[in-house]
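Keeping the supplied structure of chain E fixed, place chain G upon it in accordance with the hints.
Read top to bottom, the protein sequences are chains E and G. Okay, so the first sequence: first residue is 1 according to my numbering, each after it adds one. Okay, so the second sequence: first residue is 1 according to my numbering, each after it adds one.
There could be a bad hint or two in this list.
Unchecked claim - Part of the chain G face toward chain E, derived, beta carbon under 7 angstroms: (1) T29; (2) A32; (3) L59.
To be verified - Partial selection, computed: residues in chain G whose CB lies under 7 angstroms from chain E: (4) Q28; (5) L33; (6) F50; (7) E57; (8) A62.
For the record, the hints were derived by calculation from the structure and aren't laboratory data. In this text, all values refer to a predicted model and were calculated from it rather than measured experimentally. Note that beta-carbon positions come from the ideal geometry of N, C-alpha and C, so glycine has one too.
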Amino acid sequence: MTAGPPPAAEVTAGEADAPRSAGRALPSGTFAAFVLLIGVALAAAAGFHPALFDLVSVQGNGNSAGYERCIQAEFPPSGHTVTPAQMARACAGTQGTQDLRAGILLCFGTMILLTAIQYAAGPAWRIRRRRLRPVDQAMYPELAGELERLREQALGDGHVEFLIDIVNPAVDGLAFGRRKRPYVVLSRGMVALFGADRAAFRAIVLHELAHVRNRDLGVTAVTLALWRSFVIVVMVPGSIAALVGILVGHPPGEFGQQIPFVSGAAMAWLYAAQLAGLGALAWLTRYTVLRSRELAADARALSWQPDPGPLRELFEVPARRRSLIGRLRRLRRRTHPHLRVRRAALTEPDLLLRQDFGFGLVLGTCFSLDLDPAVSATAQLRTNPLYWPVTPFVLVLTAVLWLAMFRAASLPGSSGGVRARLGLAAGLPLGALLAPSFATDHALAPYPVSVQLTSLLLLALAGWLLGMWTQWVVGTARRTPPGTARRGWAIVLSALLVAGVATLLVRPVYELRTWVFIASLTHYPALANPVELVAASGQLVLDTYPLTYGYWLPACLALLLAAPLLVGLLARRDDARPGQAPVPRRSRAAAFWTAIGWAVVAAWLAEAAASTLNAALFGPAGSPFADLMNWSAGVGAAVAAAVAALAPSAPVLKSILAALACGVVYLALARTWFPGIVSLRWSDWMFSLTQVLEAALLAALLTTGLTTAFRARRKPAGEP
Amino acid sequence: MADDVLAAGLGRNLVATLAPAELPLFDQTWQALGRNPGRRGRRREEPLGFGLPEASEVLVTAVASGVVTSVLQDLGKDFGSWSVRMLARIRRRPPAVPDPLPPLPAARLRQIRQTAFRKARKLGMPEAQAEALADALISDLATRGAGSRAEAGGS
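Chain E on its own, in the form it takes in the complex (with noise of 0.2 angstroms):
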């Protein structure tokens, strides 16, 4: 007989039980969902704020014309390569004196004064509008006696109070109020349910007092009052601005003045459609929120009842049949997931701790989002730029996901690990799209929809890479032995490395959209294809950051090889790996050949492609350094794909580590034996070192992708 998965109240004891009594309590999903939506609040009130706010700013003079004959004067198109902060240098100040800080905090005050507002006054309008009052105990005293024993096994020592809500003539329960002052309000049905089916009326209590147990009650009225916030402050001007802008053909605010190469309607419906985006996008972080509680509070009244049968009666309920109206204006209200869902996470945890892809692409969004007022071409060529700080978003974006990544890995198998990255591989583009910067900048330089795809196709990359790096470096971690020394380490170490390659790598990821926006804008360099273009311009990304940051370079290759090393270390397994059958001569004489064979493919692809790129920003073939550069790149991929192809275990690791060992012999043997190029500066070396791990990186990702797939494929059935 197999074992099925532990129901709900086993995980949910598990999961939040058991570190919170050990005092080290880790943050619940749902509250890494209510961090989102601030951030997705903030940084769209950063960027769509009602030009009311403007008002109190430096306005001073949109001098378009002064910034287009600066960027036509300094960049003409015979192509040198400029960097942004190159072009923000020299065309300082041509984009005139405006100051909109004071507008931006204004609004981010206002925002947060009508959140705290409602969050005070919100339980006592409550109690004033619904005309609660408290349950009678002369009138009800067995109800009165029985709420009693259930605040004491739900909560112990914990306050709360029970209201009614006495016009309500539905089965409902509903808990308001503060961390301080909790209230559980019963509706009439409810009383009347108490008589009938005494254990329905537990149930409904007690998904009550888990809400109030897992203080639920802060995080829903924050994330309600700031919802309201944002619709008051950002999208109901937003709203009529782009309504406006639509009908009179010109997009709201001061973009008309800021807009030196386009303008008109279709920047006005620009506008309006990243607004109607922009909340759908908060619509759906609420809902996250609101969702995942309602499936914590579950589990939680199940490890207190642990009969789900009076449960899953009450989720039985026939749904009312609706016309689409009716439908669509239920689904704006939504709070609750669906009752199939709730009655099918009673039973399967996964649906309580998987992230999936909603939750993925909440969070892809919110990253392109939160770093789109620093990292854009448009905030970089700001001359009066609000400081934002990258880094604290970074780090808070990347412990969400691993705290989902980790919450997840605790479930059999890779339950909702594809989905999740999923929805950050479609996030991250979503977010680029909908970030204010990506009117302004298309504005500033309208490069090509093929170029502004195949950026956004880089991001989902991105997107899906970080996902299962998280995932791998999590599930690794996970893998050490609970309850032991060994296990905390591995966990403190992922989180720190998760943390450490998004804060190193996600600025230049994003920087690079920049790059290539300055590539189109200066036609340099003059690359047709735009997928050569997106390369060229990450080429230049990788050859300037270490160069401008010393430490960028040797810290990627530590984060990326050296920590997933020590974290494997740590999970290794006290037992011994049985030990391998050996190979047959004639078998490894064919896999000899094979990672020959692939060695030569990958040589040539990598030479091929990198004499392209190199002869568009260096020159064409033939100088000494294109041609070091180029044979730098087929060192590399040989190399690295030949090792990963023979590698058992850790191909990509050896693969770069052989690549890097062979790259410094290759480079220092040109050195001494072709005096052609020993002329060449000691950049210019180290320029050839960095296109060999380039290139070794993604001839090993490569090689091992289609390795496991053939492996996977030839795989007898049944074989594990």
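Just chain G now, with coordinates in the frame of chain E:
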């Protein structure tokens, strides 16, 4: 105050006829409905609620409250000056209606029945129950009118 008494009296009679089970909590419910009668007969999904789908049950007291308020507002047009009616509209309260009510003509009673039926349907009451409620209200109003006529004749 007299209007409140009249409205509560009419509402109590309706509930006694249509849903006697709600009578024990009638006073509390009527008081809780306050100035927003009828709006609370149905509920909607709330965050941190239990989340069952919107039920079809309707609280008759809430519907009766809404219907009585509408009818009294309608009746108020027949009594008092326009300024009194305007003031009542601003205060969102039905204008003063004499208690006991004077006898109402049959055509006016039919109009009131229509108003009551429409309001009950709007508040989510099933058609048959809304018919019954409108009939009961008309019957009550007619009886009160007849009573006041008898009182006037007697005096």
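Here is how each hint holds up against the structure:
1. The interface hint given for T29(G) holds, since its Cβ lies 5 angstroms from the closest Cβ of chain E, which is under the 7 angstroms cut-off.
2. Here the hint on A32(G) is kept, as its CB sits about 4 angstroms from the closest CB of chain E, short of 7 angstroms.
3. The closest approach between the C-beta of L59(G) and any C-beta of chain E is roughly 4 angstroms, which is under the 7 angstroms cut-off, so the hint is satisfied.
4. Annotation: Q28(G) was flagged as interfacial toward chain E, and the flag holds, the nearest CB pair being 5 angstroms apart, inside 7 angstroms.
5. For L33(G), the shortest C-beta to C-beta distance to chain E is roughly 6 angstroms, which falls under 7 angstroms, so the interface hint holds.
6. With its C-beta approaching chain E no nearer than about 5 angstroms, F50(G) sits inside the 7 angstroms limit, and its interface hint holds.
7. Contact between E57(G) and chain E, as hinted, is supported at the beta carbon level, the nearest pair being about 5 angstroms apart and thus within 7 angstroms.
8. Because the smallest distance between the Cβ of A62(G) and any Cβ of chain E comes to about 6 angstroms, under 7 angstroms, the interface hint for this residue holds.
Hint compliance for this structure: every hint is met.
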